[in-house]
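Those sequence lines, one after another, are chains U and G.
For the first sequence, the numbering used here assigns the number 1 to the initial residue and increments by one for each residue that follows.
For the second sequence, the numbering used here assigns the number 1 to the initial residue and increments by one for each residue that follows.
Since the hints were derived computationally from the structure, they do not count as laboratory data.
Heads up, a few of these hints could be off.
Restraint ranges, calculated between C-beta atoms of paired labels, are given here [said to hold, decoys possible]:
1. U:51 x G:239: 37 to 47 Å
2. G:135 x U:37: 49 to 59 Å
3. G:230 x U:24: 24 to 34 Å
4. G:235 x U:7: 28 to 38 Å
5. G:169 x U:3: 43 to 53 Å
Among chain G residues calculated to face chain U with C-beta under 7 Å, some are [unchecked claim]:
6. 100
7. 212
8. 216
9. 219
We put the beta carbon where it would ideally sit given N, CA and C, even for glycine.
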Amino acid sequence: MFTSKVLFVALAALGGALGIGFLGGKAAEATGRNPGAAGPILTLSIILAALIEGIFILSAFAVSL
Amino acid sequence: MGKLFTSISLLLATSGLASAAHQLTPESNVLVGSREGLAITNSMIMVWIATILIVLFCQAATKKMKMIPAGFQNFAEWIIESLYDFFGGILGDHLVKRTFWFFGGTFLLILITNWLGLVPGVGTLGIADSHGHVTFLLRGGNADLNMTAAMSVIFAILWFYWAFSENGSKGFFAHIFAPKGDFSGAMRIGMIGIFFLVGILEIVSIFIRPVALSFRLYGNVFGGEQTLESLMALGGKYFAFAPALPFMFIELLVGLVQALVFTLLSAVFLKLICDHGDHDEEH
């Protein structure tokens with residue numbers, strides 16, 4: 001049933017999904033533009049994706065208590 | 001800021017018993033000992049199995065070492081060398097020599113624990129006592145917050161030790177509070193004030209990092225197990241495996257990525273504090 005907790009997590013999930021979507025898009029573009037730097041781009045995008053997911057998971061757990 | 005901090009400390013305090021609304025993944029129940037005192041839980045057994053596997057693998061690989069590596073030794077060397085170069089790229093040659101034992105070891109441990117958690121017997125085999133309460137024998141190692149929190153606390157302690165020994169205590173605080181870039185006269189006083197506040201933020205973020213690290217790993221692995229369990233329930237009596245099958249492969253990838261992320265972020269956090277800005281090895 002619809003409570004503010006559910007909305008809280010839903011918005012956090014939306015934010016996380018958007019963030020990772022933009023990140024993936026930009027990473028693909030950057031690799032396309034400069035295939036030589038694929039390695040560092042991969043490392044950087046994994047770090048940033050982790051930070052984005054971290055926010056979502058923290059908010060999901062902040063709500064679950 | 002206050003609300004966030006209290007919510008995080010609240011999170012930590014009660015997270016040990018954080019069971020989601022209706023937890024499908026098997027409880028991390030105690031096999032030996034009591035929950036208050038020293039308890040051996042089914043998740044701990046998984047982590048022990050993972051460590052034993054890694055130790056056996058390393059011993060088998062280094063039994064009769066040859067100059068031209070073959071078989072196990074070659075595979076083990078490939079893993080260790082690629083990990084070493086990978087962290088060398090991030091940390092720089094000097095730091096990686098000191099710290100690789102921790103980063104490489106944590107990576108392998110988290111990876112093996114995550115992948116072991118997907119082996120069929122885990123989380124499904126249990127002993128049902130008289131009134132139908134099943135105590136599961138094995139459960140994913142990282143699906144238990146104690147394990148991930150323990151690893152991130154160990155990292156936090158090591159981070160402080162390495163930061164102090166690399167920068168020296170004066171360098172350590174200078175690194176956090178000192179204004180970056182050189183200013184003169186009035187501008188300088190303004191900058192000192194601003195960078196003092198930046199230092200406070202830096203301190204807060206230093207303490208939030210272990211919390212974030214442990215929750216990210218715990219959340220991903222625990223969430224993955226929840227999805228697998230609920231999908232298995234979806235499949236009905238005979239086709240329980242069907243809906244969960246694709247997610248098994250996703251969990252394999254998530255296990256690898258989360259292991260990589262945990263160690264990569266801790267390496268980056270260490271590099272942030274030990275970076276002296278003298279990028280000699282420009283490649």
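| message | Could you work out which of the previously given hints the structure breaks and list their numbers from low to high? | response | Hint 6 is the one this structure does not satisfy, whereas the remaining hints hold.
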